[in-house]
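Visitor: Sequence:
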Amino acid sequence: MATGRNGELDSWLPSLVGKLPESKITMALTRCGLQTERTLEISSLYADELDWTSVKEIWYDERVANRSSRNSSKSLLIAIRARLQSAGDGLPSVPQLPAILDQCRNERDQAQVLFLYLINHDGLARYVVHEYLRRLMKQGPSTLDFEMDTVLSILDEFRDKAGEPLDYSESTQKRWVQGFRSALRDIGVLEGKTEISGQPPKVGDVPLQVAAYYSWAQNGDEWLTKPIGWLYLFQSEEYWEPQSKRLAGYEGWTHHEARSRVWFEPVDDFYTNLAEGSA
Numbered sequence: 005m006a007t008g009r010n011g012e013l014d015s016w017l018p019s020l021v022g023k024l025p026e027s028k029i030t031m032a033l034t035r036c037g038l039q040t041e042r043t044l045e046i047s048s049l050y051a052d053e054l055d056w057t058s059v060k061e062i063w064y065d066e067r068v069a070n071r072s073s074r075n076s077s078k079s080l081l082i083a084i085r086a087r088l089q090s091a092g093d094g095l096p097s098v099p100q101l102p103a104i105l106d107q108c109r110n111e112r113d114q115a116q117v118l119f120l121y122l123i124n125h126d127g128l129a130r131y132v133v134h135e136y137l138r139r140l141m142k143q144g145p146s147t148l149d150f151e152m153d154t155v156l157s158i159l160d161e162f163r164d165k166a167g168e169p170l171d172y173s174e175s176t177q178k179r180w181v182q183g184f185r186s187a188l189r190d191i192g193v194l195e196g197k198t199e200i201s202g203q204p205p206k207v208g209d210v211p212l213q214v215a216a217y218y219s220w221a222q223n224g225d226e227w228l229t230k231p232i233g234w235l236y237l238f239q240s241e242e243y244w245e246p247q248s249k250r251l252a253g254y255e256g257w258t259h260h261e262a263r264s265r266v267w268f269e270p271v272d273d274f275y276t277n278l279a280e281g282s283a
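Per my numbering, residue 5 is the first one in the sequence shown, and the count goes up by one each step.
Worth flagging that the hints you see were computed from the coordinates, not collected in a lab.
A couple of the hints might just be wrong.
Ranges between beta-carbon positions, derived for each pair [what the hints assert, rightly or not]:
#	residue 1	residue 2	range
1	R250	N70	25 to 31 Å
2	K28	K197	43 to 49 Å
3	E226	T57	21 to 27 Å
4	L13	A51	36 to 42 Å
5	V68	R265	54 to 60 Å
6	G196	E269	19 to 25 Å
Glycine included, each C-beta is placed from N, C-alpha and C at the ideal position.
Start from the sequences and build out the full structure, keeping to the hints where you can.
Guide: Printed below as a string of structure tokens:
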């Protein structure tokens with residue numbers, strides 16, 4: 005298998021062993037998966053209020069009224085808010101997100117958008133995804149084996165920036181694997197409730213463009229040779245050209261060719277246009 009058009013996989017999809025500070029490592033996936041519907045609710049509240057304190061008060065009141073416990077509601081809000089707040093320039097801002105999710109054709113497309121927020125924010129999920137994607141790029145889809153012991157062995161190899169392993173019990177790590185596999189089912193890497201062998205999923209129009217913009221924000225005009233956003237959606241190199249042809253059909257992207265080089269750039273106010281359905 006190829007290792008990226010630039011042949012330098014380690015430079016843009018490195019192993020994260022020994023790279024992440026302890027502060028970036030959490031077990032949030034044990035208690036909060038992608039939560040597509042709840043994330044849409046919370047981001048919609050923020051788009052209306054533009055204040056997280058108000059969002060918290062309204063969210064708690066609504067959850068308690070619906071007989072949800074205050075503690076579970078608090079845990080969910082903290083996890084989702086952290087993911088949304090760390091989006092940076094490459095992903096839609098929180099006020100833009102509800103309209104962009106509404107442009108998605110189905111819940112799987114919405115989940116694919118939210119998976120990018122998860123990987124962008126959650127250091128442990130990003131570490132595990134990097135390990136799988138490096139195998140995918142080098143050896144192909146047969147490496148997408150998410151059997152419990154396989155994922156646990158990857159967690160066992162983790163070391164933070166200080167050289168320390170994960171400090172969580174095996175039972176907690178097993179719950180994390182279950183949460184991780186649930187997210188993979190949501191985005192289509194795993195099909196069905198019991199499947200543990202993965203495959204590159206079909207990517208919807210909106211997540212395809214969000215992932216492309218994320219890649220462009222990370223890698224500039226060279227992003228098409230290292231489309232990290234598409235790869236985070238498990239699109240290995242053989243998918244890049246077909247996805248590029250799809251991108252050429254969207255109004256939100258300009259297409260350039262010069263000296264046998266092809267590249268795409270997003271239009272100004274890209275996410276505003278995508279939210280309005282005009283990208």
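Visitor: Tell me, in ascending order, the numbers of any earlier hints that this structure violates.
Guide: 1, 2, 3, 6
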